[in-house]
Every structure is written in structure tokens, then in C-alpha cells.
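Student: Here is what each chain is made of, one letter per residue.
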Amino acid sequence: MKSGISSLLLLVPLLAQDPKAAFDRGDYRTAIELFERANQARPDCANLFYVGLAKYRLNRTAEALISFRAAIQCNPKMAAAHLALGEANEAKGNNSEALAAYLDALKNEPSHPMALRGASNLYLKAGLHDKALPLLETLVKAAPKLAGVHADLGAVYAASGNRVASEAAFRKALQLEPNYFPALSGLGNLLARAGDNEVAMPLLRKAVQSNPNAYEGHFLLGSALNRLSEFTEARAEIEKAIQLGGANEPQVFYQLARACGGLGDAAQRKLALAKFSELTRKEKDSAELKRQSVRWIDEARTLLQNNDLENAAKRLELAREATPGDATLLFRLASLNFDLLRFDPAREYVQAAISISPATWLYHYLLGLIEKSSNHLNEAKASLELAVKLNDKEGGVFNALGEVVLEQGDRKSAIAYFEKATRLSPTDPRFRENLAFAKR
Amino acid sequence: MKPLFFIALTAAAASGPFFVDEAMQAGLTDIFYCGNDTRKNYIIETLGSGAAFIDFDNDGLLDIFAVTASKLEGFPNIKEPTNHLYRNKGNRTFEDVTQKAGLARTGWGQGVCAGDFDNDGFTDLYVTYWGNDILYRNRGNGTFEDITPNLGPKRWGAGCTFVDYDRDGKLDLFVANYIDFDLENTPRPDSPKACEWKSEKVMCGPQGLTPGLNRLWRNESTPGKVQFRDVSQSAGIEKPGRRFGLSVTAMDYNRDGWPDIYVAADSQASLLYRNNKKGAFDEVALEAGVAVSEDGREQAGMGTAVADYDGDGWPDLVKTNFIDDLPNLYRNNSDGSFAEDTSRAGLGKSSQFLGWGAAFLDYDNDTWPDIFMVNGHVYPGLKSGEYHQRRILYRNLGNAKFEDISSTAGPAVMAKSSARGLAVGDYDNDGRLDLLITNMNDRLSLLHNTAVAGNSLMIRLIGQRTNRSAIGSTVVVKLANRTLTGEVRSGSTFLSQSDLRIHFGLGSNTQADSIEVQWLGGRLEKFGPIKSGQLVTITEGKGITVQSPYSK
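As you go down the protein sequences, you meet chains W and B in turn. Under this note's numbering, the first residue of the first sequence is numbered 1, with each subsequent residue one higher. Under this note's numbering, the first residue of the second sequence is numbered 441, with each subsequent residue one higher.
Treat the hints with caution; some may be incorrect.
[Stated by the list, open to error] Only pairs whose alpha carbons sit at most 25 angstroms apart, straight line, appear in this in silico SDA-like list of lysine to any residue:
{"no.": "1", "chain 1": "B", "residue 1": "K641", "chain 2": "B", "residue 2": "F621"}
{"no.": "2", "chain 1": "W", "residue 1": "K20", "chain 2": "W", "residue 2": "Q40"}
{"no.": "3", "chain 1": "W", "residue 1": "K275", "chain 2": "B", "residue 2": "V724"}
{"no.": "4", "chain 1": "W", "residue 1": "K284", "chain 2": "B", "residue 2": "A725"}
{"no.": "5", "chain 1": "W", "residue 1": "K270", "chain 2": "B", "residue 2": "D775"}
[To be verified] Using C-beta positions, here's what the derived DEER-type ranges look like:
{"no.": "6", "chain 1": "B", "residue 1": "A634", "chain 2": "W", "residue 2": "N59", "range": "41 to 47 angstroms"}
{"no.": "7", "chain 1": "W", "residue 1": "P144", "chain 2": "B", "residue 2": "P457", "range": "40 to 46 angstroms"}
{"no.": "8", "chain 1": "B", "residue 1": "S774", "chain 2": "W", "residue 2": "N179", "range": "24 to 30 angstroms"}
Because the hints were derived from the structure by calculation, they are not lab data. In this text, a Cβ means the ideal position worked out from N, Cα and C, and glycines have one as well.
Pulled out of the complex, with its shape left as it was, chain B reads as follows:
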């Protein structure tokens, strides 16, 4: 039950526009491309690309890395676009440091995930491509180096996550490969073998094309030498066979202390790899209740997100799907299985959206994780189905139900685009979570959160025995009336990377009574009470090492 005072507070928050698109003022003016925008001849033109909120220079401010795909017809009139790195200048504006950072790469970029795989204290990047993915090591001096190992044949990489699946303190890497795509032999909409959707000629796929194979790379680096080994077969990743894998989310869904991996698959059953603690995984999505819809249908899964939305301490899952379908809200039963609560929770009313990026965020700091989804069709110019679609903000009402409050959240939420990627982070360190959205063949959207919000606390973990990014570690915050749970996570959402810091809305509570950190390496540490309104850095084995008040 929410305290009465806070109901009044958050009711006020929901009454007016509170997300404002500041991309232009912030200097995020570049266009990010993915194929032709008036007609998609091939499925590679439809995924768009992702973006990341990362603090690459450790100055305490979230920077932005955004990936671009390309165009099959090339760029005869402009220079071929590259990915971009924008450094946060601290005044809600960014400067483009792509060239200086060594990240000005062209190609058919798709997704990005972040993690400090060499444990040097600086966040590194993995960028997926239709072609060859790239592993970037952050040198710590504002530049990155491409240290991509031999990744085998060309693939179409989509979602990825750094995950220390064997808990050896080194981040491993999981990559979902979407389709073994053959441009030469895939029919176009203007060819005799064109595919149809609702009686209109469209690009073909994914059905009828060859699905990709997920890969797991074990980090076997030694001091001074980064190396990853493909363990997909021995770790059981290949066992379920090929899948049209898109987004990847690592989470300890059964709370056994070992990271599991969920892969949203397009037009097929999704996958849940349960960590068997012996260096391998068992695929258990069907028995866990997260493979198909509540009707038992395979769906076109796109983006995923994880949070404890009902406050029982167990991670729940949300997944976006294709148009004419509903998203999935899977509530964790706390017994190794999930129950689909989409309809009961109020997410069953809108099937006119084709969903991509999804995120849980407590936008109003009322302690209850809300849901944000971005949407956009894959077929431009059709009679049926809007290509540009609005975003959706579902407010968590605190009783396991959500309400679509998009129209009151502001024009930036109601704005229509063909959106794909979504990242969450507090880029102005004011304690309220902001949103970064990628839009196909358009500039980024940067939704600054101006909500009249409750108190909050942000926690940054630095691992020692655990991987330095502390990915996979969980934090439990105890309040007078609630217990909140968060996990440091790489990847997730859709092709994108959210802030590695964990944000907790505290509502009317001015402090967290206690904080428990369960490090992935095994150590459990307790702190508190801790006052709200600050960013707290906790270093494994060293306690609270930095406390910074929020910016005003």
C-alpha cells in the first residue's frame, strides 16, 4: 500500500508533462541510419540500432555511445555515417568525441553492451554488426582500441550482454545472432517471390530464412592479454538449436547466485538458459513459462527488461512483441517459474504497437518500477499499420497493475517515430531517470525527466573479487515500508545498454534503512542507514568509498 501523502505527490507528478526531449539542445543532432526509410527491401533494414548510457571516462557523468547501421544503396551525397561517442559536458549538453576516441567506424552496426571485461576500471564495449562484431577495449585515456578476436564466420549479431557466468571474476560475453542472412538469395518485395503481410508485398523474414546461433564467449584473459574462447557448444548454448535471437537479458531469475540468460526470439519460442553452476546451461524457457504467450503461441519477441515490479524480491520480466499481439509481463513465482500477468496487470489493452526497446524504471521515484516501451513498424508505407508509432509509459500503481499514462507524460512520449533502442540512465545526476531512444533514420531522442518525484538513491558498485563492473551483483534496499531489489546488468532492453549504476526510488523515505550488496563473487555486505539524494559508490570489501549529492 502506498502512503497517502505519496499518492498525492505522485498524482501531481502524473498530471503534467514531465519528459522533455532535449536531444537537439544537448547537441545530439546526428542521424542514425538503417536502410531505406520509404521501402524496406530486406529484413536487415528493419532492426535499427542501439545506444548506450556509459561513463567511459569515469568522470561520474553518463556519456552516450550510439550505433548506426547503414544503407544498402550507400551514401552518394553525404559521408558514410559512423557510430558516435558523445561526452557529457555536465550541463546537460554533450560533445562529439568519436574521432578522438577512435570509435568512428562505419558498417552495419546493430547493438551495444558494456562491461569492464579487462577489470582495469574503465568500461569497455562490444558492438554487434551484420558482418563482424567489434570488441573495444577502453584504454582509460579517452580512447578505445579494437581488440576483436577471431569470432569465426560473419554473422548478424543483435543483442549482447557481458555476464560472468562462471563467477571467476572475469566478464564473459553472450551474443544473440539473429539470422544467417543471405542478401543475394532473399526475395525483395518487387520480386516474383515477394513475401506478403496483410496482402501487401513486403520484405521477407524472419520466417523462411535461416535462424542464427547464439554464442557464449568465455573470458580467458591473462594479465596483459585479452582472450575469449567460444564455449557455446560445451556450455549448452547451441543445444536448443537455431533461433531468431534478438535481445539478451542476464538475470538470476531463481536467485541461486548464478547468472541465467534470457533471449527474446523473433517468431519462435524464446529461450531461458538456466545456469547449472558447472559452467553450462540448461534451456528451460517452456517449463519456466517464458517461452511463449499465455495462449501457448510463439511470438515475435523483440526487447526485454527485468525488475521486481511487484516488490516480492524476485526479478520479473517484460518483453515486447510484434504488432497485433500483446507484450508479455511475466511475474516470477519465486519457485523457478513465471506466471504471465499481462492482462491482469493492465498491459492487455493495446495490440496496435510493434514494440522494441523496453525498460523498467521508477520514473517518479515512488518505489515501484514503471515500464517504458518504444515502438515502430517494420514496413513503411503500408495501408495497414502505422510506421511511426508513439512510445508508452505504464505507471506502476503499486498493486501489480499498470496504467498507460503516456498522454500525460508529455509530447516527447507521444511523439511518433520508428523507434528501436532504449537506454535508461540519469545523465544529469539529479536522481531522476532519463531515457535515450534510437529512431530509425533519425536523430536520437533524449527524454529528460522533470517529474515532481520522490526521493531516490543511486548506487554504483565496484567489484574486486567480483568483476570490476559488478555485473550480476544485486542490491537490496530496505525502507520502512518496502524492500527494493536491483541488479547490475549489461545489455538487455533492445540492442542497448542502460546505466550500470542502480537507481532506487525511495518515495517519501528520506533514507534507506539498510543496503545489502550480494556480490556476484559471493560476498554479502550490509550498510546503512544511508540518506537519500545521493550517489553512493560501494567497493567490494572496502565499503562505501564515495558519496556524492545529486546535482540541483
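The following block holds chain W by itself, in its conformation from the complex:
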């Protein structure tokens, strides 16, 4: 997806000619240096953005995310930075943060095609067709020549039972790109399900020809052949689908069972059904684990309200085991352990959260507080400075930073930080007291 980000360059005013030249040469290390230097000389939000792009090109995704976030912090209306943040998050597998970034981009530019595409794709991936629909309907007006958008619309209409609109959208996609695989397979499947096999079968066969390595095409063709009781060919197609990546999809094995049943191969049918059951059970167990995780978090919240921090932490730990990649949950666990003065586990949890979501200021803020409480003042300072870089609107972060540098003996910087904290939160007595203390 990096080519997508490159195209964002067109959206940004070319304010830094020399570093830009380095960037265009592909000399990203030099470009980073030059952009950073330029920014020190004359701060400009675009510099931060380019630094992010260059880091992203160097596969330093975590750093790139921080730079993009810093660019947004500098200029919240920079749609290109929101988009880049979305793409980089998506590349890192942080779909919820990616979606939030695309939606932020759309707040600034509601018809931005790339943001619409990014957000609608993520909604489709999550099965949230109703949320994807308005975005795609806007996108199709903004980019009427994109076959992919029409095909996505076709899929969304099909999922919501609007067969007529779905068929029209798929056909439009095929007008634009006659061999477009998602439209061929989508329309073929739609018509096969409706029993219109004369039209459906050639489409499904063409889909397989257009993309012979996609398991979905073989699966849909095999399913349609099963409906027509053409079991020998159905079985061959389904077995291809399994070879090509459908081996973890329960539905593929269900179709295999149908084909084997139709061929009178009871033993293979039984095996296929067993595999179907196994994969279905796995899916269910995973879904149930997620639901259970939510229940544990709810219980933890109630326990916290009753000041039972120990048991709340136990519930959250259970939830973490169930959903290990959840940065928010890791952050909650870190917070709780911090409150329980267990700094080592707190640090581990928040660092794990940061590794998933490196550009979230709150995580760095908490890490700064943990390090400060552990008397690791240099580490604390670094984390808090990063938190400020990502969000300079929180008085608490400046106050903490002031406390750290004051302990390090840098009274002048401490006063500056406390003054900033007081400006941001004029009513907070702690910040005023700290300022007064530093000035004494």
C-alpha cells in the first residue's frame, strides 16, 4: 500500500525543496535529516509529515506513525496526514485506528476518494455493510470510473438483500472492467443463488479464469456446481479452493461435503463434515472468547467502582489472555497495575500497548509516569516528551514533565512546563502549586 501513500505527496505543498529532492531520489535517511533540520529552522507541519513518509518508506512504521500523528497535532486539518496515518495503521494491522484516521480525514474533506475507499474497505472487512454503504454511495459519485467501487457497492447491496441494485452495480463494474474478478464472482454468485444459472455459470467460470489463484472464485464456482448437482466438477473446484487458501474456511469444507455426498463418497463426506465442524467450532470459540472478554472487562469495571483493584486486575488479565492484541485492554491493565504500585508489570503492559499503537499519546504519558515513579528520570522524560509531541493540549503531561526535569535539576525548563500546564488547565491547583514551588 506504499504506492498509495506516495500519491499523497501531491496533496502537500512543496515547502521543503531540498529535503524533497532527497526524498524523490529515494534517499530517505537524508530526507529525514533534512526535513528535521528544516523544521528546527522554520517549523512547518508539512516537514513532520514528510519525515513520517520517509520513515514509512524505510519500514520504520512505528516511528512513521508518531510523525504522522505529530503532523496532525501540528495541523489537524491536514487530510493527507490523516490518510497516511490510516494507511500506516492498516499496514500494521490496527484496523480500528486506521478507520478512525480515515474518518478524521473525511471530517476535513468529506468527499476525499482515498479516505472514502479506505474507510469503506475497513467497514467491509468487518462486515459492517450498513456503515460502508453511505461511504460507497458518496465515493461512486466522486470516482465513477472505479470498477472496484461499483463492485463493493454490489457486494453491499447483495448483503442487504437489494438484489436489483446489487446486480446493477456489479454490471456497471463489469462495463468498466470486463474481467474484474470481484464483479464477475459477485454477480455470478448473486445470480446463482437466485437460480439464474444460465447467466451465472459463465460469469463464475470467467471469474476463475481472470484470477485462477483466488480461492474464492473456485469456491463460488464449486458451490454453484453443487447446486446444479454437478458434483464431480464441484469437488475439483472446491479441492482447488482448499489448495489455494481456503483451508481455514468452514464453508469450503461444507461444500466439499456436499460434493462428496453427491458422488456417494460417504467416507470423504464424513471427513469434510468433521473438518467443517472443527473450523466452525474454532470460529465460535473465538467469538465466545471475545464476548467473555467483554464480560470480564465489565466485571472489572464494577470491581473498580468498589475499589477492589486486585480482583479487577485479575479480570482484566483474563480478558487480555482472551484478546492479546487489544491495546486498550493492555493500557487498562497497565493503569491498574500502576495504581497498585506494581511498576514492572505496568511497564510491560503499557510497552506492549505502545508496540501495537505507537502514536497514542496516553500510552506514552502513562509510561512516563511509570518511569518517573520508578525513578528512571531519563526514560520518563523521553516518554513524556513524546506524549507532548503527540498531544500538546494536556496540562497533566506538561506538569509531569515539569516534575521530572525539576528532579533532574533543570529549574528553568520545569518552570516553562508548569507554566504551560497552568495555561492549559488554569483551575488545577496542583499545577499552580508546582509552578510556585519551582519559582521559589
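Model the placement of chain B on the given structure of chain W, informed by the hints.
Tutor: Coordinates of chain B only, in the frame set by chain W:
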């Protein structure tokens, strides 16, 4: 192949309105409630309730028993509604005999099934509730008595069926329990933990709630003493675990002479309990091909119906599902398994309906069972999805394909409501099947069939060694060009009970060349030829005991 003459006849039948809603004229004016009609805060407000076509007084006319649920906010301005029993007066009108019959019960009623469980010759009732189900014994004098045994803890009963699973001549009882529902701890749409459907706040469930457990009650009555024993565990009913069970259909799907049981489950794989002939069942839905959709997805199964729609002598199955999904038409492969034929049969074109009651009925008596479905959403007032939906009549074209002819069937079929229950029966004994529909927070619909139809025959079985209602017995009618099969069935469809008599459309045939009755008790009896246009009563071991011509 249909004879040419009959094609012309039925083409005429399909050309004009032929189902007419006569509920108001018939005196069926009561409202049947289920929760709030503008906003459903809890899933208990969504199932509606069922109704039954039964002849409770044995006068040869179908009466109507209709169940009502209730409202969580109560009824501050009107008297709390009760279930109703309407006696058929014989002139296509009914009189309300609820009070006299002792059936005026309030509560959160759901479903009903019928059968003569005490073999006294009068049809008894089982009514499911969110709360305590009720077993009513028909005293035979126009009144019923509540003889509910201890059924254990409160449950949310949904579909039920009387079924003599051990063929001992006494009707046992199977009940699907939907959810172990906890009103106090289930989030409402206006609570912070509200559930969402298509980005709108809605009531929660069934996913995320605790499914119920199906129950099988063995009839261990002795003369003068009715008693049922819970055999769910020993009979293998509990083995598949909890399910969001809704409708229940008993059928001998493998034709081994022993009743099997199909349970449509909501948001989960459906269940097929195969009778092992030793007093227990094996759950075989997945291997039989009726657990999930043809794509291998679990579906939100609602209503079910059984008939031999393709004329091969084996019972096929239809199931309604949630919106954005298709119904299932499962064709019996005659080898213990089914093949899903939904798309090929022409039922794959409409996924905009949320289906409930389903029934096979040969509305035009052309010998081919057609399909009727009633629909309605569970979420009122949403931007997406119509709450009130029309009904669907699929005409069986005789070539394993169906055609949606709802628009020509009349305004009563196209009428929109939030319908739930569906029962089929010939309430005016004219040889054409009529329809009874329950609509949430509305009156009943009574769709009188006025189709220009073919000939027909109706058969009532009375068991002797077999249970008196003859439930589970099958009838095979041989015509010059077709062989038709029917089974006496309790429950099925959705929360409702259809006529226990078996109706056969004979097309242009003026007689059934022969009739074979396979009694559940084991006896096989043959009769015929028998002329069309009449109701024939056959008593086990005694032959044809009554023949009544249809009403004009």
C-alpha cells in the same frame, strides 16, 4: 407432468384474487398482544404468539384457539387480554367461548400444539409461555381443565409438538425452549450496553443470551391419571446442548416408521433428532444436511413445514429465516439426507423478508403442495427494514420449481403486518384450504380460500392402538397419474397448530384410486377407490367410519 386441462384450470385460478381476509366478518375482532409495538426493549416482545385450527367439540368444524402474549408495561386502560377460543358456528362465523371453556388465561403466551394425549376422543392442548407452560385436558363437554404437571423451573417455551416417539399409543410431548431469559440483566436499547443492528440501537438477543434446553416429556398416563415424565436426558434430547430452539416439527424423514423431530434454531445450527427406535434420539442435522444453509452458515431459523413437494413419496422440509437471508427448501434425498434446493426451486430471489410461519398447502388442489410464508420484522421503527411485511404464496409448478404468485393471490396476501403464527385448515369444509395468521398487536387474519380449484379429498384418522389423534400416521393416496403422501402432524409451522385432518388436492381426478394408511402403531390398511369431494373418517381397524360430502 400436469395434464393440459388442469394447466388451463389452475392458470385461471392464479389469475385473480382468491384469498380473502374474512376475520372481521367471522367475528375474530380481538387484539393479540406481544410487547410494545413502537419499540421493542426486550427480545421477549418479538416472537408474537400462535394459533390453532382444532375441532375441540368434535362437531366436524374447525374452531380456533389463539394465544396472546402480554405487555411489559401492563394494560392500564383495558382489561388484560387472554387467550381466546372461538367456536365455529358453521356459517363462516365464530363465537367466543373462551370463558365458558375455561381458557381465559392471561400471561405471556407463545405457542400451541394439539393432540389427544389421554385418548378420550377429544383434542387437548399444550400452550407454551414465557413462564409456566400449560397442559389443558379437553373434558369433552366444551370445557378444558388445567392439569399442568410440575414442569420444573420457569422457562421460555416456544414451539411444541405432541409425538408418540416410542409408539406406545400415548402421545408424548416435545417442547423447544428458546432462551433462559433474564429480564433484569438484559440491556435495553436505551441503556449504555445496548445492542446494535445495522448501526441502530435495538433490543439484545438471542446472541449473547443463554439458549434454552429442549424437553421431551414421556406420557406415562394410566387410566384416570395423566402424567408425563421428563426424559430429555435419557432420550438424548439434551446431548447437543443448548439451542435457541423455536419451531418444532415431527416427521418420519427416513420412513422407518418412527417419528423424528426437527427443531429450527435461531442463530445456531438447527437440530434433527433421529429416532433410534429404542426410546432415544441421535442428533444428525449436520450429516442429514439440514443444520445450516447451503453455504454452511448457521441461520436464524424460525418456522418449519413438511410435505412431499416433489412427489417422490419422501417428506421435504421448508424453513423460514431472518431478513437478508433466504429460506431453506430441503429436498429429501430418500437416503437419510437432504439436499438444499432453495435457489434451484425459485425461492432464492427474496431476502428482504423476515420469515416466521411456514406451511405447505395445496391451495388450488392441483396435487402439488404450494408454500405459504408469513413475515414481519422484529425491530419496529428502524430506518432499515420494514416492520410490517407482506405474506408470500409460492405456487408449486409441478417441476420442483415454485413461483411467487402473491400479487395475484389477492390483497389479503399482499397485506402487510408483523405476522408470526400460521395455521392451515379448511374451516368451511369446502375442500379448499384456508389460512389463519397471527399478527403482533393486531387481530387475526383469516384468509378464506375462494380459488377455482381442482378436486380434493380430506381424511380424518382415528387411532385405536395408535394414539387417538393418529399423529405420526401417514396416508398415501394413489391417483391415475400421481401418488400423494400426507402425515398427521401436531405443532410445526411457527408456534401454531394446523388442522389434524389431511387434505389432498386431486387435480382433475374425481377419485382416489386407492388410499393406504400406515398407522403409527404399525398396522397398514388399504381402501379405495374413494370419490373426491368429501371428508372421509377412517378408524384404525374399523375401516371408513364416516363419509361427509363437502359443504357447498
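Student: Determine which of the earlier numbered hints do not hold for this structure and return their numbers in increasing order.
Tutor: 8
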